[in-house]
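The listed protein sequences correspond, in order, to chains S and B.
Taken in order, the first sequence gives residues 1 to 603; the numbers are from the numbering used here.
Taken in order, the second sequence gives residues 604 to 952; the numbers are from the numbering used here.
Fair warning: there could be bad hints in the mix.
If you only want the chain B side, here are some residues facing chain S, beta carbon under 8 Å, derived [said to hold, decoys possible]:
| # | residue |
| --- | --- |
| 1 | E679 |
| 2 | E715 |
| 3 | Y716 |
| 4 | Y718 |
| 5 | P719 |
| 6 | Y721 |
| 7 | V725 |
| 8 | T736 |
| 9 | P795 |
| 10 | N810 |
| 11 | E941 |
Hints are computed from structural coordinates only; laboratory data are not their basis.
Note that this is a predicted model, so its numbers are computed, not measured.
The C-beta atom is built at its ideal place from N, Cα and C for all residues, glycine as well.
As a plain string of letters, each chain reads:
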Amino acid sequence: MRALALLLGAFFTLTAWAELPAELPADLEWITNSEDPLFASPLAKRGGTLRMSVQSFPLTLRRVGPDSNGSFAGFLRPNQMSLVVYHPETRRPIPSLASHWAFGPNGRTIFYRIDADARWSDGVAVSGADFEFTVEFMRSKHVVAPWYSNYYTDVVTDVKAYGHKVIGVEGATAKPRDEMLFEYGIGVVPKHFHVLNERWVRDTNWKVEPNTGPYQISEVRKGKYIVFERKKDWWASERRYYRHRFNPDRIRVKVIRDINISYQHFMKGDLDSFGLVLPRFWHEKAKGENYEKGYINRYWFYNEAVQPSAGLFLNEDSPKLADRNVRYALAHALNFDKVINTVLRGDYSRMHTFNEGFGEYDNTTIRQRPFDLDKSRDHLAASGWVERGPDGILVKDGQRLSIRITYGAPQHTERLVILREEAKKAGIELELQLLDSASSFKQMQEKKHEVAWMAWGSQGMSPRYWQFWHSDNAHKPQTNNLMNHDDPAMDAMIDEYRAATDKARRIELAHALEQMIFDSGSMIASTKVPYTRSAAWRWMKLPDELGTRTSGSLFNPFELSSGIYSSGGLFWIDLDEKKRVRDARDDGDAFPALLVLNEQYKR
Amino acid sequence: MIKLNPLTIKQLKRFRSIKRGYYSAVSLTLLLVLSVAAELLVNNRALMVNFEGKLFFPTYGAFLPGTTFGLGYDYETNYRELAQRIHEQAGTDDWVVMPIVPYSAFENDLREYEYPPYPPSVETRHFLGTDTTGRDVLARLVYGFRIAISFSLLLLACNYLIGVTIGCAMGFWGGAFDLFFQRLIEIWSNVPFLYVIMIIASIVVPNFWTLVLVMVIFGWMGMTWYMRTSTYKEKTREYVLAARALGASSARTIFSHILPNTISVIVTFIPFSIATGITSLTALDYLGFGLPPPTPSWGELLSQGTENLEYPWIVASVVVAMGAVLLMVTYIGEAIREAFDPKQFTYYE
């Protein structure tokens, strides 16, 4: 995705365009959003300490620069608020650091009005100058942040302050409005805090940078733990979408290097919650007295988060798979139901389309070809694969119907061996080629694979097609069109999709494109995990619905838990309940055991 | 042809008298022979089927589609189901004889909504249970043993052929030839062979033969040193000098005189080399750099077992099997060393 964005940017820097206007245009239509439903629980109580764990101590407390992209960035970056975030239910933009926004006439400029009360944690007001400084900062060679440097040069081309509280942002290309808010929603850096010189990286390694979000670091014990404290007078506390959220007063993040040991800490009551997405943890480990006596509750929450595009990517340039009948037959020979209901313990679901989790963009009418040996045989017979060799594998002109599957995740072997045994029944041999993950990806990028078993992580507001399906990227190495799919009709549609700025038309095109992908048979979608699962002590309280449509996790204390939707910080700690649970544990008393399953968003 | 001299015969007799080693050798040989015929003992194909008055022997040869036995599919017959069906039909003369363990090392015996691995059970004939994808642990052990032991024997043969030849030549000719190979071997031994295998395995999928090849390329050096020293030693003995004085050629001196007298060195090392072969293949499989899935292998079972300690039958089976084989090999090695110990039969003036 990033590569694509950069490529695009590089292309457009060659063309000339108008700069941002010197004066703020007078006829701007300022937009905000205060109509969408509330999603935090009014029952929430403020207070308490949330105890969490991380697997390793961060290498730095900087947000950008060398070594800053580790897992701890997930604690630092969400506390630097975005200009605009997205409503976790309606997926529409809602105000955050900016109270209003307006679109310029050329389709690639946005103006933001910074919230009048917005302040840094040291009390300094957030101003337009901070945003102008951000561009200088990110482009600076002292900061050593190549990706950001490119982004603030080639994707976002200009930022200008109009007084203290209004800024204008200009992007490289015109986009639909929702997309533009996401794509050109720049971050902000406190100008008064940073001194840009060659010592910047070293000097700021362990300095706590002022931020705009609800929590700020208050204590650092190197190698051991980091404590965040909620700001006593956080400026956004009473904003519509932030009321009753971010409830714990303190968050202690302790380093526990092994996941099994942190589970032991959780069982002792030293951690408040624990993620149980892995089937082994959920089915084998989440047992015992703490659960039976109701001290720990379990939550299984289905969501509509964006799913990785996971599946088999069939190389149309390989001789056997060039034949669409073979591709269809292969799809009918893969018994995913058996995989899901056995080794995956029924926990995963079948994925049906190339992209899923983009709301209205999803084409929900498509159903992947089911395991059906008769249909598989019919398709193969149509292409002359009828005769079986001595080992039961089909043979045509002395060639066996053996298809090589390249993959890089050893933990997927158990899924593939079942598919392999079942495919034998259809007379297709699947040859499993397990490589180291980097080498397998290299082989796929060089298009030397027959079938690639992998998943593309995706993000953003709407699906992407050009990099995967456009003929611009077919028949050449180092592109993401692993299918080498090359179809002029699809190309035209993708070009239109990329250029379209009307959302309704884009949705229509996305649906049509998913149908074309399905008809090509070149991508067989595999499985998805459309939920999050956690266990938490009884004193950890959640809203009645547990989470929102787009919640990636239930006990994330910060705003953005996955991607761009403002879905975190909804839970609270009930201190009275905590005392009751502690007393009950001492006396051996029990509460009713609780397992909450929420299938509201299950599809 | 190397003739057995009276000394060797004596040594073999002594070996037989060391009970622990001797019985280990017998059982290991038996296991080897059985594993060659593993298809008759552990297999999902029936040994014999009598269907409508006709006899079938499906074990070896081409697959028989389900339609052969009146089943409605054209893929390979599921003989367990066939046996079940025939059993349920009253009044037919048909019968099916299945092997003791009626599973292959590859098929996933999965039941809907019951999650693998399944524990050991005599009723389902999974005597050691199944692994995490429902494959029979015993079947994978047996076929894994066959692969490991044949890998090991092949490796041994290649390594010793090269090692003994070069080592012997170094000792026999000495001089520049010796010097050159000494340095070459020193350099070559310092290549970290495990890393080489890992690099190779990450680029191409290794198969049985490439693994043997790579292991031979980095494993032949071990024997050369021992052969070189003992050849040096034997070369200066009176019987060799006498043979040469009588005009024996180099080949005759080496093959008829020196080799038979250094055989004890070779024989002593064989069991340990076999053990090394098995363990290195297992280690590579365990680390994921060995034979590609779904090849049955002890290393793969071991890694599955250690990841799933909640299902102790997986790790227990493979640890016991591996322990037993290595123990037997060690006993054999110990007995051979004792039997062939030259100090018992020679003395120096």
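Results for each hint:
1. E679: holds (5 Å)
2. E715: holds (6 Å)
3. Y716: With a closest approach of 6 Å, the Y716/B hint holds.
4. Y718: Since chain S brings a Cβ to about 5 Å from Y718/B, closer than 8 Å, the hint holds.
5. P719: Constraint on P719/B satisfied, holds at 6 Å.
6. Y721: With a closest approach of 11 Å, the Y721/B hint is violated.
7. V725: Violated, because the Cβ-Cβ distance from V725/B to chain S comes to roughly 23 Å (cut-off 8 Å).
8. T736: Nearest chain S Cβ about 5 Å off; hint holds.
9. P795: violated (17 Å)
10. N810: violated (11 Å)
11. E941: At about 44 Å, which exceeds the 8 Å cut-off, the nearest Cβ of chain S leaves the hint on E941/B violated.
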